[in-house]
Amino acid sequence: MDEARREAAKVLGVKESAVQVATLDESVAGVTVVGATAGGDRGPRKFAPAAVLADGKVVVGGDAVRKALFGAWAWAPGKVPADQVAAVITKTLETDEPAKLVSDPDRVAYLKRLGVDGVSLPHEDTLDGRPAVVWWIQTGSNPATEVLLKVGADGVPTVSYGRTHGGG
6 MDEARREAAK VLGVKESAVQ VATLDESVAG VTVVGATAGG DRGPRKFAPA
56 AVLADGKVVV GGDAVRKALF GAWAWAPGKV PADQVAAVIT KTLETDEPAK
106 LVSDPDRVAY LKRLGVDGVS LPHEDTLDGR PAVVWWIQTG SNPATEVLLK
156 VGADGVPTVS YGRTHGGG
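For the sequence shown, my numbering begins at 6 and goes up steadily by one.
Careful: at least some of the hints might be erroneous.
Here are the simulated distance ranges between beta carbons [to be verified]:
(1) K84 <-> Q25: 30 to 36 angstroms
(2) S165 <-> A79: 22 to 28 angstroms
(3) A59 <-> T169: 32 to 38 angstroms
(4) K15 <-> G123: 23 to 29 angstroms
(5) G76 <-> A27: 19 to 25 angstroms
(6) D130 <-> P110: 14 to 20 angstroms
(7) L58 <-> E21: 17 to 23 angstroms
(8) T169 <-> G83: 25 to 31 angstroms
(9) L132 <-> Q89: 15 to 21 angstroms
Worth flagging that the hints you see were computed from the coordinates, not collected in a lab. Just so you know, even glycine gets a beta-carbon here, dropped at the ideal spot from N, CA and C.
With the hints as extra help, turn the sequences into a complete structure.
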């Protein structure tokens, strides 16, 4: 954890002593996902996901962590359930507020009644001819945002955001 704190402090641009590190997920063999947070009380919250790999190497930043996770999974379409991918990857999203996965059919039905177009449970899809996993998240200020994780030809996953239904 000390190495994760040190590397995250560099990425976040703060002193190492200002960074708090917590384990977020240990469900992927060979990878422990941690979250490094700085600020919050006296300034904006800064968050950086990190991964501690089985060999002790630490990677920091959403893209690097997601690449490590997909490598550990040896991901291919249909190999890892979409809901598992969404549950783990949601913890690596660098959002202003912690994100919560929309994974309950009742919650999906509720959001549909609110008028959230296209809201669904996590599922595999194709984006721009590439395999993808699509799911929805919620944050404190935004009831629903679509997450699009597209896997490139090199096997590296990239995250973007699709439709959103803002709060208010």
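In this structure, is the beta-carbon distance linking L132 and Q89 contained in 15 to 21 angstroms?
Since the Cβ atoms of L132 and Q89 sit about 19 angstroms apart, the hinted range of 15 to 21 angstroms holds.
When you take the CB atoms of D130 and P110, is the distance between them in 14 to 20 angstroms?
18 angstroms, holds
A range of 30 to 36 angstroms was offered for this pair. Does it hold for the Cβ distance of K84 and Q25?
For Q25 against K84, whose Cβ atoms are near 34 angstroms apart, the range 30 to 36 angstroms holds.
Check the following: the C-beta atoms of S165 and A79 are separated by a distance inside 22 to 28 angstroms.
23 angstroms, holds
For the pair T169 and G83, does the Cβ-Cβ distance stay inside 25 to 31 angstroms?
28 angstroms, holds
Do the Cβ positions of L58 and E21 conform to the proposed distance bound of 17 to 23 angstroms?
Because 20 angstroms falls inside the window, the suggested range holds.
Kindly confirm whether 32 to 38 angstroms is satisfied by the beta carbon distance between A59 and T169.
36 angstroms, holds
Within 19 to 25 angstroms or not, the Cβ separation of G76 and A27?
The hinted range 19 to 25 angstroms holds for G76 and A27, with Cβ atoms some 23 angstroms apart.
Given a hint of 23 to 29 angstroms, does the C-beta separation of K15 and G123 actually sit inside it?
With a Cβ separation near 39 angstroms, K15 and G123 fall outside 23 to 29 angstroms, so the hint is violated.
Violation of the numbered hints given earlier is confined to hint 4; every other hint is satisfied by the structure.
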